[in-house]
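The whole structure should be built from the sequences, with the hints applied where relevant.
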Amino acid sequence: MTPGHGQPPIWSYWIVLPVVILAWAGLAEALDTSLLPAPLTVLAALSGEAANGELWYHLGATLGRVLIAFVLAMALGTAIGVAMGRSATTNALFDPLLVVLLNLPALVTIILMYVWFGLIEVAAVLAVVINKVPNVAVTVREGARSLEPKLEDMATVYRFTRWQRLREVWLPQLFPYLMAATRGGLALIWKIVLVVELLGRSSGVGFKLHLAFQVFDVATILAYSLAFIAIVQLIELALLQPLERRATRWRQPETAHA
Amino acid sequence: MLELRIEGRSFGQPVLGEIFTTIRQGDRICLLGPSGIGKTTLLNAIAGLDHSLPDKTVPNRDKARVGYLFQEHRLLPWRTLRQNLAIVGADAADIDRVLDSVGLAGYADHLPDQLSLGMARRAALARCLVIQPDLLLLDEPFASLDPVRATELKHLILELLDRHPAMAMICVTHDARDATDLANRLWYLDGQPACLQWDAPVGSQGTVEGVVQTLRNLDQVV
Chain A
739 MTPGHGQPPI WSYWIVLPVV ILAWAGLAEA LDTSLLPAPL TVLAALSGEA ANGELWYHLG
799 ATLGRVLIAF VLAMALGTAI GVAMGRSATT NALFDPLLVV LLNLPALVTI ILMYVWFGLI
859 EVAAVLAVVI NKVPNVAVTV REGARSLEPK LEDMATVYRF TRWQRLREVW LPQLFPYLMA
919 ATRGGLALIW KIVLVVELLG RSSGVGFKLH LAFQVFDVAT ILAYSLAFIA IVQLIELALL
979 QPLERRATRW RQPETAHA
Chain E
8 MLELRIEGRS FGQPVLGEIF TTIRQGDRIC LLGPSGIGKT TLLNAIAGLD HSLPDKTVPN
68 RDKARVGYLF QEHRLLPWRT LRQNLAIVGA DAADIDRVLD SVGLAGYADH LPDQLSLGMA
128 RRAALARCLV IQPDLLLLDE PFASLDPVRA TELKHLILEL LDRHPAMAMI CVTHDARDAT
188 DLANRLWYLD GQPACLQWDA PVGSQGTVEG VVQTLRNLDQ VV
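Just so you know, the sequences run in chain order A and E. Going by the working numbering, the first residue of the first sequence is number 739, and it counts up by one from there. Going by the working numbering, the first residue of the second sequence is number 8, and it counts up by one from there.
To be clear, the hints were calculated from the coordinates, so they are not data collected in a lab. Predicted model, so just to flag it, every value in this text is computed and none were measured. Keep in mind that the hints are not guaranteed to be accurate.
[As the list claims (entries may be wrong)] Derived CB-CB ranges, DEER-like: (1) A:905 x E:100: 20 to 30 Å; (2) E:166 x A:830: 33 to 43 Å; (3) E:67 x A:900: 15 to 25 Å; (4) E:58 x A:905: 48 to 58 Å; (5) E:10 x A:885: 57 to 67 Å; (6) E:107 x A:977: 39 to 49 Å; (7) A:883 x E:99: 30 to 40 Å; (8) E:42 x A:886: 22 to 32 Å; (9) E:42 x A:834: 44 to 54 Å; (10) A:886 x E:27: 32 to 42 Å; (11) A:885 x E:61: 37 to 47 Å.
[Stated by the list, open to error] List of simulated lysine-lysine pairs, DSSO-like, C-alpha gap at most 27 Å: (12) A:929 x E:70; (13) E:70 x A:888; (14) A:888 x E:161.
Virtual Cβ for every residue (Gly too), placed ideally from N, Cα, C.
Here you go:
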């Protein structure tokens, strides 16, 4: 058997996922309990929520929080990561803090923010940002450490401005690290935002899951989960992959003049 | 034009010793010396890339434009030749003219990694030239080129020197023939730590012969 490297072929999705759904349908049929609704029941719950507008309202609220937290965490984490990668002093200053924050459970930050600032939007977003910044900083720090010194010298000789150095020299080299931070970031932020909403907000998918949990409404829980997975995949396909293709175009092997 | 004052520097053990000299307009200096003696280190010091040296090493460097042809092309691999030249401040007309002058007309929209070694080096030379340098630094410009390409590039550099008589040049090489072809002044770097053992115009009594003889002794002459 060949070891599984890279992306599996696209057809694997068209086999594995239908099989899972069929198994789920069979099991639901056999058990016949409201605790495991059939796929069609979930679909009905989903279209019901979509029709009465609840789905869009709560997805929108969650998306908004994810977006704000993501932008803040990326900006802050990138700045800290670059500073740490370029300066031993900054690294010495921030590294112990990163170790603490990386090992601090997300739930603790969320509870503390709510206790200290109250059940408000700022506390919710801040909790997510604090959870995410260390991951971004650590990833970007690796990138900043691997910046090519030969290009730095070139930029010095040709008197690149600070902006040119950032945009023309650093950004293309940091790009893979920023993409990794983005990928990992979105996955993590989605999940933390749901917990934040579950604990202290009255809108969003997390809040909705909380309500459904209280009445053991598994169909609604699964319906929102599916909508959620669909949105994440949509962002991946419509935003991240085109961005990555565009930024790494210069790597594409073309006919070389030897 | 440029005063050079290196008062010895250390790199674990000192590489460069005391070097005091002046680079004048129109100087075509060939910097000779055995491998690993610190020729590139000296070029970096002149270009201001050696951060272990004090700023007064080249007191008026900020007034001089320096074009540096590194051993590698050091073009931005994610930018085309046109973009690479535009970033250092060339306008569109200059870009086409300079690329044409180094024999790369028609390659403006190629990426550096699409070019052969010799072409990429000529593209990097074009970048040196678009800034209209007062001082051109060449670090072994003919290394790892086949003899035909090396000769072509040498003729190209000679042509450029003719066209810009005020420009000063320092060319690192360990081939005495490059020195006699390109230079009107010779530096010979040697010793531990390395100092300029020779700093003399070409043609002064016995200089070239002396350098050639020394290099031959060091088994450096190609």
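Hints versus structure:
1. A:905 x E:100: 20 to 30 Å: 24 Å, holds
2. E:166 x A:830: 33 to 43 Å: Given a distance of about 53 Å, which is not inside 33 to 43 Å, the answer is violated.
3. E:67 x A:900: 15 to 25 Å: 24 Å, holds
4. E:58 x A:905: 48 to 58 Å: 23 Å, violated
5. E:10 x A:885: 57 to 67 Å: This hint is violated: roughly 32 Å between Cβ atoms.
6. E:107 x A:977: 39 to 49 Å: 42 Å, holds
7. A:883 x E:99: 30 to 40 Å: 37 Å, holds
8. E:42 x A:886: 22 to 32 Å: 24 Å, holds
9. E:42 x A:834: 44 to 54 Å: Because 45 Å falls inside the window, the suggested range holds.
10. A:886 x E:27: 32 to 42 Å: 33 Å, holds
11. A:885 x E:61: 37 to 47 Å: Hint violated: Cβ distance 25 Å, outside 37 to 47 Å.
12. A:929 x E:70: Roughly 56 Å between the alpha carbons, so the hint for residue 929 of chain A and residue 70 of chain E is violated.
13. E:70 x A:888: 23 Å, holds
14. A:888 x E:161: 25 Å, holds
Hint compliance for this structure: hints 2, 4, 5, 11 and 12 are broken, all remaining hints hold.
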